[in-house]
Amino acid sequence: MRMVLAMGVLGFCALSIGCGPAATPPAAGPSAEGKAFLLSAEPMGAKGVKQLKVDAKDGDEIVAEGRIGGDAKPWIEGQAAFLVVDKSLSPCAGDEGCPTPWDYCCSTNELPECKAIVKFVDASDKPLATDARKLLGVKELQTVVVRGKAKRDEAGNLTVLATGIFVRN
Amino acid sequence: MFRLRLLPWEYGVRNLLRRPARSALTLGALSTVVLLVFVVVAFIRGLESSLAVSGQPNVVLVYSINAAEDIENSAIPARSASLLSASLEGVEKQFGVTRISPELYVGTRISLRENDPPMFGIVRGVSHAAPLVRRQVQVTEGHWPGPGEVIVGKLVAAKLSCQASDLEIGKTIRFDGREWKIAGHFAANGAAFESEIWVPLTDFQNALKRQDLSLVAIGMADGSSPSDVELFCKERYDLELQAIGEVKYYASLQKHYQPVRMLGWLVVLLVAGAGVFAGLNTMYGSVMGRVRELATLQAVGYRRRAIVASLIQEAVLLSTSASLVAAVVAIFVINGTAVRFTMGAFALRVDSVAILVGCGTGLLLGVFGAIPPAWKAMQHSVVDGLKAV
Numbered sequence: 001m002r003m004v005l006a007m008g009v010l011g012f013c014a015l016s017i018g019c020g021p022a023a024t025p026p027a028a029g030p031s032a033e034g035k036a037f038l039l040s041a042e043p044m045g046a047k048g049v050k051q052l053k054v055d056a057k058d059g060d061e062i063v064a065e066g067r068i069g070g071d072a073k074p075w076i077e078g079q080a081a082f083l084v085v086d087k088s089l090s091p092c093a094g095d096e097g098c099p100t101p102w103d104y105c106c107s108t109n110e111l112p113e114c115k116a117i118v119k120f121v122d123a124s125d126k127p128l129a130t131d132a133r134k135l136l137g138v139k140e141l142q143t144v145v146v147r148g149k150a151k152r153d154e155a156g157n158l159t160v161l162a163t164g165i166f167v168r169n
Numbered sequence: 001m002f003r004l005r006l007l008p009w010e011y012g013v014r015n016l017l018r019r020p021a022r023s024a025l026t027l028g029a030l031s032t033v034v035l036l037v038f039v040v041v042a043f044i045r046g047l048e049s050s051l052a053v054s055g056q057p058n059v060v061l062v063y064s065i066n067a068a069e070d071i072e073n074s075a076i077p078a079r080s081a082s083l084l085s086a087s088l089e090g091v092e093k094q095f096g097v098t099r100i101s102p103e104l105y106v107g108t109r110i111s112l113r114e115n116d117p118p119m120f121g122i123v124r125g126v127s128h129a130a131p132l133v134r135r136q137v138q139v140t141e142g143h144w145p146g147p148g149e150v151i152v153g154k155l156v157a158a159k160l161s162c163q164a165s166d167l168e169i170g171k172t173i174r175f176d177g178r179e180w181k182i183a184g185h186f187a188a189n190g191a192a193f194e195s196e197i198w199v200p201l202t203d204f205q206n207a208l209k210r211q212d213l214s215l216v217a218i219g220m221a222d223g224s225s226p227s228d229v230e231l232f233c234k235e236r237y238d239l240e241l242q243a244i245g246e247v248k249y250y251a252s253l254q255k256h257y258q259p260v261r262m263l264g265w266l267v268v269l270l271v272a273g274a275g276v277f278a279g280l281n282t283m284y285g286s287v288m289g290r291v292r293e294l295a296t297l298q299a300v301g302y303r304r305r306a307i308v309a310s311l312i313q314e315a316v317l318l319s320t321s322a323s324l325v326a327a328v329v330a331i332f333v334i335n336g337t338a339v340r341f342t343m344g345a346f347a348l349r350v351d352s353v354a355i356l357v358g359c360g361t362g363l364l365l366g367v368f369g370a371i372p373p374a375w376k377a378m379q380h381s382v383v384d385g386l387k388a389v
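Those protein sequences? They're chains A and B, same order as listed. full-length UniProt numbering numbers the first residue of the first sequence as 1 and each following residue consecutively. full-length UniProt numbering numbers the first residue of the second sequence as 1 and each following residue consecutively.
No lab work stands behind these hints, which were simulated from the structure alone. Cβ coordinates follow ideal geometry from the N, Cα and C atoms, glycine included. Some clues are possibly wrong.
Unchecked claim - What the simulated footprint calls covered on chain B by chain A, stretch by stretch (three residues with Cβ under 8 angstroms from a Cβ of chain A suffice, anywhere in the stretch; the number is not a length):
#: 1; segment: 222–231
#: 2; segment: 236–247
Unchecked claim - Result set (EDC-like, lysine to aspartate or glutamate): computed pairs, CA atoms no more than 20 angstroms apart in a straight line:
#: 3; chain 1: B; residue 1: Lys171; chain 2: B; residue 2: Glu114
#: 4; chain 1: A; residue 1: Lys126; chain 2: B; residue 2: Asp222
#: 5; chain 1: A; residue 1: Lys73; chain 2: B; residue 2: Asp70
#: 6; chain 1: A; residue 1: Lys47; chain 2: A; residue 2: Asp131
#: 7; chain 1: A; residue 1: Lys73; chain 2: B; residue 2: Asp238
#: 8; chain 1: B; residue 1: Lys248; chain 2: A; residue 2: Asp131
#: 9; chain 1: A; residue 1: Lys126; chain 2: B; residue 2: Glu89
#: 10; chain 1: B; residue 1: Lys248; chain 2: A; residue 2: Glu77
Go ahead and model the full structure; you've got the sequences and the hints to work with.
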């Protein structure tokens with residue numbers, strides 16, 4: 001009887017494991033290659049993504065500030081690029097039952113105006129083939145300030161071709 | 001000096017033949033149990049295999065960001081295909097043709113004749129570029145569909161619960177307010193496409209009064225990766241597209257069917273458990289009826305372990321035969337049988353894993369079914385055993 005009880009408890013424990021929301025693996029520190037992109041001090045003149053989408057022209061040198069997010073998966077697998085969202089937009093609160101608050105699913109209407117992509121590029125403007133999380137040790141919802149060049153397209157999308165990053169928190 | 005003197009091999013075999021009715025009944029019961037295990041494992045393997053072979057490593061699917069993981073809910077602008085073709089560098093080309101397939105993927109009601117009750121089926125509107133990207137697809141009979149024509153996959157009859165003869169070339173089927181002539185049949189090496197009906201894209205768009213697409217499938221050149229397309233979609237977020245490698249997409253569907261697979265394995269365990277109890281019951285009956293014989297064997301000098309080994313040998317012989325019978329039935333009757341499920345249909349698959357699990361279960365039934373009753377029988381003293389009637 002005790003054996004059956006013990007088996008039951010063990011079975012329950014085994015079933016319970018993995019039923020919670022998926023946890024985000026903690027970002028490791030920046031790689032040796034990525035340290036070259038880390039800025040020791042926050043660059044001056046940072047503007048929010050929303051403002052930059054109005055002001056910045058193609059080829060302008062810019063300093064952009066934003067929170068990593070804007071999609072359930074703001075990363076590009078195997079590439080040094082990620083989405084950032086203007087800080088005026090708040091991520092979904094925990095009590096709204098959102099498993100990935102960095103996707104801003106509670107503010108989908110405002111999201112397109114507040115979103116931009118940051119790409120760390122080589123000399124020929126090609127994105128580096130290392131995952132941004134490994135390269136820079138960043139994770140979702142961190143506030144970052146990136147320095148780089150603006151790339152605009154005819155639809156008004158903003159891409160920051162980044163050369164430096166400062167992680168605020 | 002310590003060598004165990006076993007009973008002759010033939011003794012166990014002859015014992016089985018001495019009680020043919022009991023042996024036949026046990027064989028039948030064990031075969032049924034092992035066959036049930038085969039059916040469940042073939043179901044799980046068929047489902048897994050259908051989703052696994054559907055994805056190709058160099059193909060990327062681009063569809064609406066609002067569709068979550070369900071391509072059927074996706075609607076993207078018709079110009080997406082040409083836009084992707086013009087914007088992406090790593091797309092595979094052959095003889096100047098770009099491997100980009102615009103597709104309209106819809107679940108719809110299909111009837112074979114005008115007054116027949118409609119059945120749910122999957123229709124994919126495709127262009128001539130589709131076979132360049134979906135390389136598993138082969139037209140096995142007939143020809144590529146022209147205007148007003150369709151080609152049907154080899155599992156469509158199972159999906160629509162109709163006879164294969166209903167879908168012969170030249171016959172017609174009805175969906176979305178039109179009658180379509182069957183121009184050919186295709187196979188796709190077990191992929192999910194086999195439960196679909198393919199129709200010319202523009203005809204299908206006209207029939208549905210839709211000008212959009214569900215997805216664009218892109219064949220990437222060597223050295224390119226799905227992340228190139230993913231990066232484009234994230235950069236052009238005004239288009240609200242998302243990209244995913246086809247292998248990853250079907251792997252995510254596999255995750256979706258994880259509870260079904262878990263349930264399947266649980267059924268295997270339960271069936272095997274029930275089999276062990278049935279085997280135990282039979283073996284108890286068989287061994288307890290032979291107490292006198294077993295005591296005699298002890299009296300003439302055979303040790304208990306040798307007698308237990310002989311009883312296990314009998315049970316294993318029986319369960320191995322049952323496994324073989326079940327395996328033969330599974331391979332020739334069950335293997336390839338089409339089964340309907342939400343996404344389409346797939347064929348039950350009796351592969352090496354199914355044979356290993358099925359026959360392994362059979363063997364374990366023999367061993368574990370025989371040990372307890374044999375051990376119990378050995379607890380009697382020789383004198384009591386010889387007196388037993």
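Hint-by-hint comparison with the structure:
no.	hint	result
1	222–231	holds (count 5)
2	236–247	holds (count 4)
3	B/Lys171 / B/Glu114	holds, 13 angstroms
4	A/Lys126 / B/Asp222	holds, 18 angstroms
5	A/Lys73 / B/Asp70	holds, 17 angstroms
6	A/Lys47 / A/Asp131	violated, 25 angstroms
7	A/Lys73 / B/Asp238	holds, 17 angstroms
8	B/Lys248 / A/Asp131	holds, 18 angstroms
9	A/Lys126 / B/Glu89	holds, 12 angstroms
10	B/Lys248 / A/Glu77	holds, 12 angstroms
Checked against the numbered hints above, the structure violates only hint 6.
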